[in-house]
Structure formats: structure tokens, C-alpha cells
Amino acid sequence: MPLALLAAVLPGPPVCAQAAPVVPRTVTIDERLAAAAALAVGDRVLLAPEAGGPGDTVTIAAITRRGADPSEVARSEYRVRLHLDHLQRLAGTGDRVGRFAVASAPGVAPESVAAAIDAAAFGFRAYPAAAVAIETSATFRVVNRFHRAIGIITIVASAIFLLCITLLKVDERRRDVGALRLLGLSRATVVRAVVLEAALVSLVGSAMGAGLGWAASALVNWHYQGVYATPLRFAIVTPGIVAFAVTLSLGLGLVSGWVAAQRLVRRAPLELVGR
Amino acid sequence: MTLVLSARDVRRDYPVAGTPVHAVRGISLDVHAGEWVAIVGPSGCGKSTLLNLLGAIDRPSAGSITIAGRDVARLGDAEATRFRLTGVGFVFQRFYLMPTLTAAENVELPMAEAKVPRVEREARARELLGYVGLAGRADHRPFQLSGGEQQRVAIARALANRPALLLADEPTGELDARTGTEVIALLDRLNRDGTTIVTVTHDEELAQAARRVVHVRDGAIVDDVVRRPLPPAAPADGAARR
Amino acid sequence: MIWRLAAATLLRRRARTALTVAGVAVAAAMLLDMVMLGSGMRESFRGFVEQQGFQLRLTPRGTMPFDSEATVGGAARLADSLRAAPDIVAVAPLLGTKLFTPRAGDDSVVAGFLLGLDPATQGDYVVVEGRDLAADDELVVNANWLAATGRRIGDTVRVAQGYEPQVRRFRGARTLRVVGRARFVMLAGGERAAAVPLATAQAMGGETTRDRVSVLLVATRPGADVEAVRARIEAGEPRVSALSTAAALKFVDERLSYFRQLAFILASVSLAVGFLLVSTLVTVSVNERIGEIAVMRAIGVARGRIVAQVMGEGLVLSLAGAGLGLGLGLVTAHWLNGILAAFPGLPAAFDFFRFEPSAALRALGLLVLCGLAAGAWPAWRAATLPIARTLREEAVA
Numbered sequence: 014m015p016l017a018l019l020a021a022v023l024p025g026p027p028v029c030a031q032a033a034p035v036v037p038r039t040v041t042i043d044e045r046l047a048a049a050a051a052l053a054v055g056d057r058v059l060l061a062p063e064a065g066g067p068g069d070t071v072t073i074a075a076i077t078r079r080g081a082d083p084s085e086v087a088r089s090e091y092r093v094r095l096h097l098d099h100l101q102r103l104a105g106t107g108d109r110v111g112r113f114a115v116a117s118a119p120g121v122a123p124e125s126v127a128a129a130i131d132a133a134a135f136g137f138r139a140y141p142a143a144a145v146a147i148e149t150s151a152t153f154r155v156v157n158r159f160h161r162a163i164g165i166i167t168i169v170a171s172a173i174f175l176l177c178i179t180l181l182k183v184d185e186r187r188r189d190v191g192a193l194r195l196l197g198l199s200r201a202t203v204v205r206a207v208v209l210e211a212a213l214v215s216l217v218g219s220a221m222g223a224g225l226g227w228a229a230s231a232l233v234n235w236h237y238q239g240v241y242a243t244p245l246r247f248a249i250v251t252p253g254i255v256a257f258a259v260t261l262s263l264g265l266g267l268v269s270g271w272v273a274a275q276r277l278v279r280r281a282p283l284e285l286v287g288r
Numbered sequence: 088m089t090l091v092l093s094a095r096d097v098r099r100d101y102p103v104a105g106t107p108v109h110a111v112r113g114i115s116l117d118v119h120a121g122e123w124v125a126i127v128g129p130s131g132c133g134k135s136t137l138l139n140l141l142g143a144i145d146r147p148s149a150g151s152i153t154i155a156g157r158d159v160a161r162l163g164d165a166e167a168t169r170f171r172l173t174g175v176g177f178v179f180q181r182f183y184l185m186p187t188l189t190a191a192e193n194v195e196l197p198m199a200e201a202k203v204p205r206v207e208r209e210a211r212a213r214e215l216l217g218y219v220g221l222a223g224r225a226d227h228r229p230f231q232l233s234g235g236e237q238q239r240v241a242i243a244r245a246l247a248n249r250p251a252l253l254l255a256d257e258p259t260g261e262l263d264a265r266t267g268t269e270v271i272a273l274l275d276r277l278n279r280d281g282t283t284i285v286t287v288t289h290d291e292e293l294a295q296a297a298r299r300v301v302h303v304r305d306g307a308i309v310d311d312v313v314r315r316p317l318p319p320a321a322p323a324d325g326a327a328r329r
Numbered sequence: 159m160i161w162r163l164a165a166a167t168l169l170r171r172r173a174r175t176a177l178t179v180a181g182v183a184v185a186a187a188m189l190l191d192m193v194m195l196g197s198g199m200r201e202s203f204r205g206f207v208e209q210q211g212f213q214l215r216l217t218p219r220g221t222m223p224f225d226s227e228a229t230v231g232g233a234a235r236l237a238d239s240l241r242a243a244p245d246i247v248a249v250a251p252l253l254g255t256k257l258f259t260p261r262a263g264d265d266s267v268v269a270g271f272l273l274g275l276d277p278a279t280q281g282d283y284v285v286v287e288g289r290d291l292a293a294d295d296e297l298v299v300n301a302n303w304l305a306a307t308g309r310r311i312g313d314t315v316r317v318a319q320g321y322e323p324q325v326r327r328f329r330g331a332r333t334l335r336v337v338g339r340a341r342f343v344m345l346a347g348g349e350r351a352a353a354v355p356l357a358t359a360q361a362m363g364g365e366t367t368r369d370r371v372s373v374l375l376v377a378t379r380p381g382a383d384v385e386a387v388r389a390r391i392e393a394g395e396p397r398v399s400a401l402s403t404a405a406a407l408k409f410v411d412e413r414l415s416y417f418r419q420l421a422f423i424l425a426s427v428s429l430a431v432g433f434l435l436v437s438t439l440v441t442v443s444v445n446e447r448i449g450e451i452a453v454m455r456a457i458g459v460a461r462g463r464i465v466a467q468v469m470g471e472g473l474v475l476s477l478a479g480a481g482l483g484l485g486l487g488l489v490t491a492h493w494l495n496g497i498l499a500a501f502p503g504l505p506a507a508f509d510f511f512r513f514e515p516s517a518a519l520r521a522l523g524l525l526v527l528c529g530l531a532a533g534a535w536p537a538w539r540a541a542t543l544p545i546a547r548t549l550r551e552e553a554v555a
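Residue numbers (my numbering), protein chains in the order written: chain A, 14 to 288; chain B, 88 to 329; chain C, 159 to 555.
Calculated directly from the structure, the hints in this document are not laboratory data.
The structure displayed is predicted, hence computed values, not measured ones.
Glycine residues also receive a C-beta, built at the ideal position from the N, C-alpha and C atoms.
One should not assume that every hint holds.
[To be verified] If we take Cβ atoms under 8 Å as the criterion, some of the chain C residues that face chain B in the derived model are: (1) Leu163; (2) Arg463; (3) Ile545.
[What the hints assert, rightly or not] Label-pair ranges, simulated between beta-carbon atoms: (4) Ala405(C) x Ser117(A): 42 to 48 Å; (5) Ala242(A) x Gly496(C): 41 to 47 Å; (6) Ser117(A) x Ser426(C): 44 to 50 Å; (7) Tyr140(A) x Glu412(C): 27 to 33 Å; (8) Trp235(A) x Ile311(C): 42 to 48 Å; (9) Pro119(A) x Ile311(C): 42 to 48 Å.
Generate the whole structure from the sequences, applying the supplied hints.
Structure below.
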């Protein structure tokens with residue numbers, strides 16, 4: 014089973030086939046290294062633990078693409094995969110490994126397997142894959158918290174913006190509303206009309222925002238997947254997020270509509286028409 | 088007698104919903120210093136349009152308008168603006184005072200624009216407000232004044248830069264009979280003190296008060312009656328003495 | 159008088175003026191934060207790098223400092239040859255390895271980071287309590303290490319470079335005395351760290367670290383061409399990569415490019431929001447006062463004055479918003495910096511948000527310009543409205 018290795022990258026000059034006394038072992042390299050060192054499948058390279066030091070001539074058997082692993086997004090190392098025994102010999106580590114990956118039987122909870130290993134094997138610590146993923150995605154957790162904070166600021170700004178616009182809209186129609194009140198429309202009707210209008214504006218705005226968000230997330234994914242050479246999706250618009258955005262925006266709309274309407278109905282109709 | 092205003096074959100056409108409207112059809116009119124001319128006629132006859140043309144607020148489609156020796160129909164925007172600031176004073180039917188400024192500040196506004204020093208303009212504003220009977224209301228804002236009072240402030244504002252001609256568009260149109268009479272009395276006093284006035288009005292009382300009544304129908308003058316001739320010692324230039 | 163009129167207009171509708179100023183303030187705060195974020199990371203990192211006083215970092219070929227466990231052999235000879243170069247005034251070799259220490263009072267083991275260095279030339283830590291290293295059997299540690307191990311300055315402790323948990327055996331163990339507490343400049347927050355003389359660290363690792371270093375810091379002579387020195391080193395020593403301060407900054411830029419791009423996008427959005435708010439308010443305000451403006455034009459107020467008055471409103475709104483936003487921005491930047499302080503792999507004292515007065519002034523100046531521009535269109539509309547028609551329409555209204 015190949016072992017992932019973050020190795021010092023040592024793309025050496027291709028070695029002539031006849032110089033190799035035995036059939037070279039095979040390795041895989043990732044796309045980034047292949048591009049940077051102009052390597053292709055079948056090329057022979059010198060692989061050594063230290064630049065300029067002794068090593069093995071190996072054949073590139075395959076070029077791999079990185080998986081969607083959040084912990085590796087910001088890392089720029091090249092990745093070379095070797096057979097375990099090959100790496101152990103090359104690195105001089107003897108019969109040692111960094112970690113074991115264990116597949117549990119179908120239907121068995123990884124947590125219970127990890128607990129069983131921890132209880133049985135002294136000196137080891139077993140982690141379910143999900144826990145490791147959480148541990149190794151600290152970058153994303155921090156970024157996520159940062160995004161939430163930015164989201165809060167954005168919500169405050171949106172609330173002010175919405176209230177301001179609603180206030181402007183009702184101010185603009187102050188005279189019309191005053192005239193309607195003089196004709197006998199009740200305060201409640203005016204409040205209902207203003208709140209309804211604000212709610213509709215919020216709904217239409219949030220629908221447009223959801224569309225814009227979807228387009229922006231597609232753009233963000235396209236850009237960062239290219240930048241970090243990863244299939245990881247950086248921005249996802251889920252139905253839950255859309256529902257949250259629409260609900261929040263509707264709530265803000267209702268509140269701002271109500272506040273603006275109260276400012277209108279508190280004043281006497283004659284004052285509204287400017288008399 | 089000095090000619091303050093001379094309009095020759097003034098026309099004003101403009102399109103309304105694609106159809107040309109001939110609001111003023113070749114009006115010629117002379118106004119001498121010290122006169123008070125009331126232009127009367129039915130609604131839509133073109134009298135307000137004519138007043139706007141005389142005040143350089145609007146531009147005639149044809150003809151010439153000379154006021155105090157200047158052809159206002161040929162003025163560029165900046166010159167026309169300057170002319171409106173110092174050459175004529177305008178009084179509107181709906182007063183149009185700046186609601187955020189006090190009565191005194193409203194009167195000062197045209198003087199500030201004309202770069203009259205602060206001390207001088209404050210003194211003149213007080214003087215003008217005193218003249219129109221609002222000395223005690225100088226620091227009131229428009230919403231704290233009655234309609235008649237607001238119109239008197241508007242008249243004081245129009246006189247601020249000592250214009251050659253005072254133009255008033257339905258100055259009593261928004262007022263009740265009593266306050267309308269007060270405003271007419273004020274205009275009469277102004278005229279007697281030497282101010283040349285042209286008013287547009289529906290108000291029979293106002294028309295009766297003027298020295299001369301010009302009847303307009305369908306954009307043309309149909310009658311021109313001098314009711315009270317100018318006294319022999321009429322002012323030479325007609326500029327507001329107040 | 160025109161300015162008095164502009165001020166009075168803004169005060170006439172206090173609630174919406176206050177709301178607009180508040181909106182602009184939030185936009186200004188966001189803009190300021192994003193400008194601080196955009197330049198802060200780079201400047202903060204530059205501060206760290208320059209604080210160390212070395213212009214070049216030599217690492218095993220193809221690696222970044224401490225990004226992998228790779229080391230360079232023949233370190234003493236390499237350091238001597240570098241010191242002999244005419245443009246180089248100091249060379250500080252560093253070896254970074256793991257560090258295992260038994261906790262005081264129980265049998266648990268604390269893992270950390272050990273730095274082997276030359277105390278005379280190092281720029282990696284600042285002693286804040288006790289004293290610096292003076293002998294091979296001494297140890298300087300950080301507060302996290304002290305807290306995790308339950309040790310104090312003056313304690314003698316057993317430390318090791320390797321630990322086999324199955325048999326509870328330490329490899330390369332030494333007994334050292336803690337002589338000082340230090341703040342490690344480049345270490346991430348929460349990391350437990352200790353420093354020992356280079357020879358001690360190399361000896362603890364046995365054959366795997368004998369005469370080996372992770373990084374060599376190189377200080378050049380003032381006025382020397384750093385890039386030329388860098389190229390000379392790389393040409394003469396194929397086992398190492400020489401990284402200049404500029405290249406290190408570029409590396410950080412690349413790694414944190416996401417934040418710069420986010421900062422750019424959010425700053426643009428903030429400007430757009432500020433622009434929209436001011437333009438909306440000024441447009442509505444002009445629409446409301448269209449009659450007043452027509453009257454002002456009718457009584458002889460020049461177009462320029464009208465433009466100045468309307469744009470003045472936009473200017474006042476954005477200036478007030480920018481002023482408030484400055485304070486708000488500093489508060490939110492502090493909050494956001496606290497969140498990002500947990501970003502893995504960055505020095506604990508790394509600032510994502512750094513306040514640079516000139517950059518802040520430029521950003522807020524841009525917002526104020528946006529406010530001015532926001533007033534431009536309604537101002538032009540107000541100045542060019544047809545006076546007679548507007549008055550007629552107002553009369554009808």
C-alpha cells in the first residue's frame with residue numbers, strides 16, 4: 014500500500030536506463046510536481062533524501078491529482094508516493110511507520126473501533142477519520158469563524174441599509190399617505206401596506222441575492238480550485254443557507270417596514286400633507 | 088419716462104405629448120419705470136409663461152425682451168442666472184420660501200449669492216422685513232408664519248438686490264381675502280415708493296389696484312388699459328427703492 | 159449661506175440622515191478593516207522577518223523554513239564558508255526538532271518544539287524572564303512549555319528528541335536546566351517551545367542530526383546587494399535554497415492570498431454600499447426639494463452653487479460616516495484579529511489587521527470621494543432642471 018509522504022522534493026536529472034543495474038522501482042508524483050519539473054509518466058528520476066546525496070533511480074508510474082482535503086489546500090509542497098518498504102529503506106527509518114490506516118467492517122462505528130484499539134494497544138492513539146479531518150482542517154475552522162464575523166457585520170450593514178431605504182420610501186410618499194388618511198384609511202391599513210411592501214422588497218432582494226450568491230460561489234470555486242489545484246468546493250449555496258438568508262432578510266424587512274410605518278402613522282394626516 | 092421693459096413679438100412654443108402648443112403668440116409690451124402692470128386673463132392663456140419669459144426663467148422661441156437695456160432672450164445660462172439675481176425680483180404664488188431658513192435668512196439668500204457682505208445683508212434683510220411689517224418675525228421659520236406673512240417675506244426676498252423690475256405670479260392666489268388685501272396694499276406701497284411691478288393675476292382686486300391692466304387671451308394681448316397714469320415725478324430707473 | 163442650507167437640509171430629516179451616516183460608518187469600518195487586512199498580513203510578517211535582522215534564509219533545497227523535517231548536513235563547514243564571504247556579516251544556524259518532556263508530578267509526556275541555535279547570533283526569541291543561554295546544558299523555554307510541563311525557571315528537567323510511547327522510552331535524552339522564559343518571535347500561538355545551544359540539539363538527535371541544521375540565517379553587510387549574495391550562495395551550494403526577505407514575503411502573500419482577495423472584494427463592496435447609500439439619500443433629498451431648487455435657480459442662485467450644495471450633502475454624510483467608521487473599524491479589526499489569531503502555522507503575534515495611518519487615510523479618502531461622486535449625478539440633475547416647468551409641476555403637485 015503506498016504511503017503518503019511529504020518528502021523533500023528532489024527532481025534529479027533523468028538517469029540513462031542502461032545505468033540502472035536493476036529494474037527501477039516505481040513512484041507516483043502529483044500534478045504540481047509534474048508541471049513544475051516537466052515530468053511525465055515513464056520518466057526516470059533520481060530520488061534521494063537529501064539534495065545532492067545518494068538515492069534511487071525510480072520510474073514515474075503515474076501522475077496523481079490531489080483529493081479534496083482541506084488540510085492541504087494552502088500547502089505548496091510537491092507530493093511523491095513510494096511503496097512503504099522503498100521509503101523505509103530510502104529514509105533509513107527501518108521498520109517504522111508514521112501511522113496506520115484501519116478500515117472497519119461495514120456497519121461498525123469508527124469510534125468504537127478506535128476505542129477498542131486504544132484499550133488494547135499500549136502506546137497508540139486511534140482516531141476516527143472524521144476526528145482527524147476536523148483536527149487537520151483548523152485553517153477552515155478559523156476561516157469559517159472569520160466568515161461568520163464578516164457575516165454579522167454585513168447583516169448590520171444590510172439592516173441599516175434596508176431601514177434607510179424603507180424610511181426614504183415612506184418619506185417620499187408622506188403626502189400621499191396623509192391624503193389617504195384624510196380620506197379615511199386607518200392607521201392599521203397604512204402600517205399593513207408599508208410592512209407588506211417592505212416584506213416584498215426583502216423577498217425580491219433576497220431572491221436576487223440568492224442568485225447572485227450562487228453565481229459568486231461558482232466563481233469562487235472556479236478561481237480557488239485553480240489557485241490551489243484542488244477539487245475542493247470552497248463555497249456552497251445550500252437550501253439551508255438560502256432559507257436562512259431569505260428568513261433573515263424577510264425579518265429585517267418586516268422590522269424596518271414596521272419602524273418606518275410607525276413614523277408615518279404617529280403624525281397627524283394634516284401634518285403629513287404639509288398643512 | 089424711462090423704459091424698463093420692452094418685449095417685441097415674443098413667442099413661446101413647446102411640445103406637449105408631441106403636439107406643439109403656442110403658449111405666447113407674438114406679444115409686444117413696454118413697461119416704464121414706476122409702472123405697475125397687471126396681466127390678466129383666463130387660465131392657460133399664457134400669462135404665467137409670459138412672466139417666466141420676462142424674468143429670464145424661460146427663453147422665448149422668437150422675439151426679443153429688453154430689460155434695463157439688456158436683451159434677456161439672448162442671455163446664456165450663467166448670465167441669465169445673474170440677471171435673475173440682480174435684474175429682477177420674482178414673487179411666486181406659493182411663496183416658495185426655504186423651509187429650513189428663517190425669514191431673515193430667506194431674505195438674505197439672494198444677497199449672499201450676490202456676495203453682499205454679511206453685515207450689510209443682515210441690516211438690509213431687517214430693513215426689508217420691517218418694510219413689509221415683519222420686523223418681529225425675522226427669526227421665524229416659514230412654517231411658523233401665516234400664508235400672508237410668508238408672501239410678504241417672499242416680496243422682501245424679491246427686493247433684496249434692488250431689482251429694476253418686480254415680477255409677481257399670482258401673489259394673492261394662495262391667500263384668503265384679508266391677507267390678499269394686505270399683500271395688495273404692500274405692492275401698492277412698493278409701487279408708490281418707486282418700484283416697477285408686473286403681476287400676473289386672476290384676482291380682480293389686485294388687477295384694480297394696478298396702474299395698468301393688460302388682458303391676454305390665447306397667448307396674445309387683447310386689451311391694454313391704463314387705469315392710473317404715472318405721476319409726473321416718476322423714478323428714473325424704476326429700481327426698487329426699498 | 160449655501161452650506162448653512164445644506165446642513166439644514168441634512169438636519170431636517172434627522173432619522174434618515176443618522177441612518178445613512180450609520181450605514182456609511184459600517185461601510186467605512188468594513189473598508190478600513192479590509193485595507194488593514196490587505197496590507198496588515200504582509201507588513202506584520204515583514205516586521206517579524208526584519209526584527210530577526212537577517213536578510214537571507216538558507217534551507218534544504220526546495221523547502222521553506224521549518225516546513226518539513228529536512229536538514230542540511232555539513233553545517234559547520236557551510237556556516238564557516240558563508241562567514242568568509244565578504245558581503246556576509248553574520249550567520250545563525252538553526253536546528254528545529256521535536257521535544258519531549260515528562261510533566262512534573264505525573265508520568266505524562268509533553269510534546270513540543272526544540273530550537274538549537276547560537277545564542278550569540280540568534281534572532282528567534284526575546285528573553286522576558288531569567289537569562290539567556292550561557293552553557294550547553296541550559297534551556298530557554300516559552301510560557302506555553304512551562305504551563306504544559308508544570309516546570310519553573312531554575313528547574314532541572316529531562317528532555318528528549320524522540321519518544322517511543324509503546325515502551326515509554328526517550329531517545330536522545332539530556333538533563334538540562336531551565337534558565338529563562340522567552341517569547342519566540344516566529345512560533346504559532348499555543349506552541350510549546352524551547353531553545354538550547356545548537357551543539358546540544360545536534361547531539362541529542364544522534365547521527366540523524368550530527369552537524370546538521372534546518373535553516374541558516376544570513377545577515378548581509380549594510381548596502382550589499384542581497385539578491386547578488388543570494389544568487390552566489392545558491393550557485394555555490396546546490397544543497398540549499400536561499401530565500402530573501404522579498405521571496406519570503408511573496409511566499410506569505412501566496413499562502414494568504416485568499417485573505418487579500420477577500421479583502422479586495424469586501425472593500426469594493428463596502429465602497430459600493432457607501433456610494434449607494436449616499437446617492438440614494440441625496441437623490442431622494444433632491445427629489446423632495448426639487449421645487450426649492452427650482453426657486454433658488456429662479457431667484458438667481460448659480461448652477462455651481464446648487465451643485466456645491468447637493469454634493470456638499472454627500473460630502474458631509476460620507477465625512478461623518480468615515481469619521482465614525484474609523485473608530486468602529488478599529489474595534490471590529492481587533493475582534494476579527496482575535497478570531498484569525500488561531501490561524502494555524504502563523505506566529506502568535508502575527509497581526510492580520512495592522513493600522514497604517516496613511517493606508518487608512520487613503521481608504522477613507524476614497525470613501526469620501528465615493529460620497530462626493532454619489533452626489534454628483536443628483537447635483538447635476540438639480541442644477542440643470544428646467545426651472546419654469548419644474549415650478550409649474552410643483553404648483554400642480
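With chain B as the partner, please determine if Ile545(C) meets the hint condition of a C-beta pair closer than 8 Å.
-> Holds, because the Cβ-Cβ distance from Ile545(C) to chain B comes to roughly 5 Å (cut-off 8 Å).
Could you see if the CB distance from Pro119(A) to Ile311(C) stays within 42 to 48 Å?
-> violated, 55 Å
Between Ala242(A) and Gly496(C), is the Cβ distance one that fits in 41 to 47 Å?
-> Given range 41 to 47 Å: violated, Cβ gap about 32 Å.
With 27 to 33 Å as the target window, see if Tyr140(A) and Glu412(C) comply at their CB atoms.
-> holds, 31 Å
Double-check Arg463(C) for me: the hint is only fine if its C-beta lies closer than 8 Å to a C-beta in chain B.
-> holds, 7 Å
Do Ser117(A) and Ser426(C) keep their Cβ atoms within the hinted range of 44 to 50 Å?
-> With a Cβ separation near 49 Å, Ser117(A) and Ser426(C) satisfy 44 to 50 Å, so the hint holds.
Could you check the hint for me, namely that Ala405(C) and Ser117(A) are 42 to 48 Å apart, CB to CB?
-> holds, 46 Å
Outcome of range test on Cβ distance (Trp235(A), Ile311(C); 42 to 48 Å) | With a Cβ separation near 54 Å, Trp235(A) and Ile311(C) fall outside 42 to 48 Å, so the hint is violated.
Do the numbers back the hint for Leu163(C), that is, is its least Cβ distance to chain B under 8 Å?
-> holds, 6 Å
Checked against the numbered hints above, the structure breaks hints 5, 8 and 9 and satisfies the rest.
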